[in-house]
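J.: Okay, here's what each chain looks like letter by letter:
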Amino acid sequence: MKWLVCVVLNVVLLLAALNARAELTIEITQGVDNPTAIAVVPFAWQGAGLAPEDIAAVVDGDLARSGQFAPVGRADMLGRPSTAAEVFYRDWRALDTEYLLDGRVSVTSQMRIEYELFDVLRQTSVYSGVETGPVNEARMLGHRVADAVYEKLTGIRGAFATRLLYISVTRVPGGKDYSRLTLADSDGARPIVLLESREPMLAPTWSPDGKQIAYVSFETSPGHLSPGSGNRPA
Amino acid sequence: MPAAPRIVVRPVLATLVLHGLMLYFLTANWAGSEVEVTRVKPAPRVINAHLVDVSDFKPKPKPKPVAKPKTRTKPKSKPRPVAKSKPKPAAKVKPAAKPKPVVKPRPKAEPRISEQELAAMARADLSRAMAEEEQVRATATAEEMAASYAALIQQTVVNYWSRPPSARNGMEALLAIQLIPTGEVVSVTVLKSSGNTAFDRSAVNAVEKAGSFPELQSLPTREFEKTFRRFRLLFRPEDLRY
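Note that the protein sequences, when read in sequence, are chains A and B. Under this note's numbering, think of the first position of the first sequence as 1, with each following residue one higher. Under this note's numbering, think of the first position of the second sequence as 1, with each following residue one higher.
These aren't lab readings, by the way, just hints derived from the structure by calculation. Among the hints, erroneous ones may be present.
Claimed, not checked - Straight-line distance between alpha carbons at most 20 angstroms, and here's what the computed EDC-like set of lysine to aspartate or glutamate pairs gives:
| # | chain 1 | residue 1 | chain 2 | residue 2 |
| --- | --- | --- | --- | --- |
| 1 | A | LYS152 | B | GLU117 |
| 2 | B | LYS192 | A | GLU27 |
| 3 | A | LYS152 | A | ASP177 |
Unchecked claim - Okay, the calculated bits of chain B under chain A, using three or more residues with CB under 8 angstroms as the criterion:
| # | region |
| --- | --- |
| 4 | 122-135 |
| 5 | 221-234 |
From the three backbone atoms N, C-alpha and C, an ideal C-beta is built for every residue, glycine too.
Please construct the entire structure, taking both the sequences and the accompanying hints into account.
T.: Spelled out as structure tokens, the structure:
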């Protein structure tokens, strides 16, 4: 029965060794929620002449307005990479940037934006994507890029590629006020006046499918719900 | 190994069982995660305070205004070398204590204590007190030391952690951290994801942004190897709005 003793002894020793290898776990329950530093490098324009729209500026503005990001100023950028091979992480780390977004814009029949998001700290590519659309919707494509970046980094769907419906009133002293029903991009750019009236308008809203709009009008009778039409990209 | 009996079956069985057990324990151990004891720190604020009794510097007698700056400047130069290293105070106490018996006979002859003597007394008292304190500190358990360094790491990471808006109270991400003796972080891996990639990434980034904990260089090598060579960070926010 000597072997049995040996076996038992070995098992006991192994168990002891197991217990000795306890690991320290430190619990982090708090944090400081500072906006994330991100560098949006001006997108390279691969076409003749000047780029129709500064897409990177649109993305930059969207991210900054969300309050979750602190974009790096263009004047501080140490390089303007447009492909993964041109990214020198050390340069960006020196700026305390956590993420880097670069891209390329080209136009054939449609505008095509290829973009790539990099994690500067881990020196890897996080996400890359392509947006295509008509040239005159360049800003909307920029908003879509911002949406994708926002969702990737915060875990919440972005709402930059949406539209805004609002009523502005111009006061006319001693006369009737001017009301305007306006449709604009989510950042207030490209406003389109849908309706101008001397009668007050109230509470513009979208139909559930986003294809129509409704507002309270006083033109025919007080407090009349009037449907209009607009369109909102999904 | 057991001495082989005449029958061959038993030792073979024993070896098989032993090796099997060994293999199992080894693999189970390296895969990690079950039998490990975890020490959890809810937010210990460790403050390193040193008590210096000011009354020692100016005892009862009435030193003229001229005497005051003297007594003050002397102790000032004193505590510095003491605070620097542990072995020093022991050596310092002796020379400081020596003058005491030499000077003491005099006060018996004269009721008034001279300024130098007063300063020497104060110095001796102070260095004795400091030596005692030094000893207490040296005997402080290794666990306390590890705890204070753990608190330091915790505080550093907290200062770098910015949570994404999708983070919610109660989410948990467990990271494995590997350090080298200079305090630099050499690897960060996610052991247990919270299920939210943005949250996991924010946790990893907090550690990456901290980059290194140079304070750990002052930790004895044994202690470093035992506790901080590899450890874990559990990210579980409690102060969020949701």
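J.: Against each hint, give a clear statement of whether it holds in the structure.
T.: Cross-check of the supplied hints:
{"no.": "1", "hint": "A:LYS152 / B:GLU117", "in the structure": "violated (73 angstroms)"}
{"no.": "2", "hint": "B:LYS192 / A:GLU27", "in the structure": "holds (14 angstroms)"}
{"no.": "3", "hint": "A:LYS152 / A:ASP177", "in the structure": "violated (45 angstroms)"}
{"no.": "4", "hint": "122-135", "in the structure": "violated (count 0)"}
{"no.": "5", "hint": "221-234", "in the structure": "holds (count 7)"}
Consistency with the previously given hints fails for numbers 1, 3, 4, ordered from lowest to highest.
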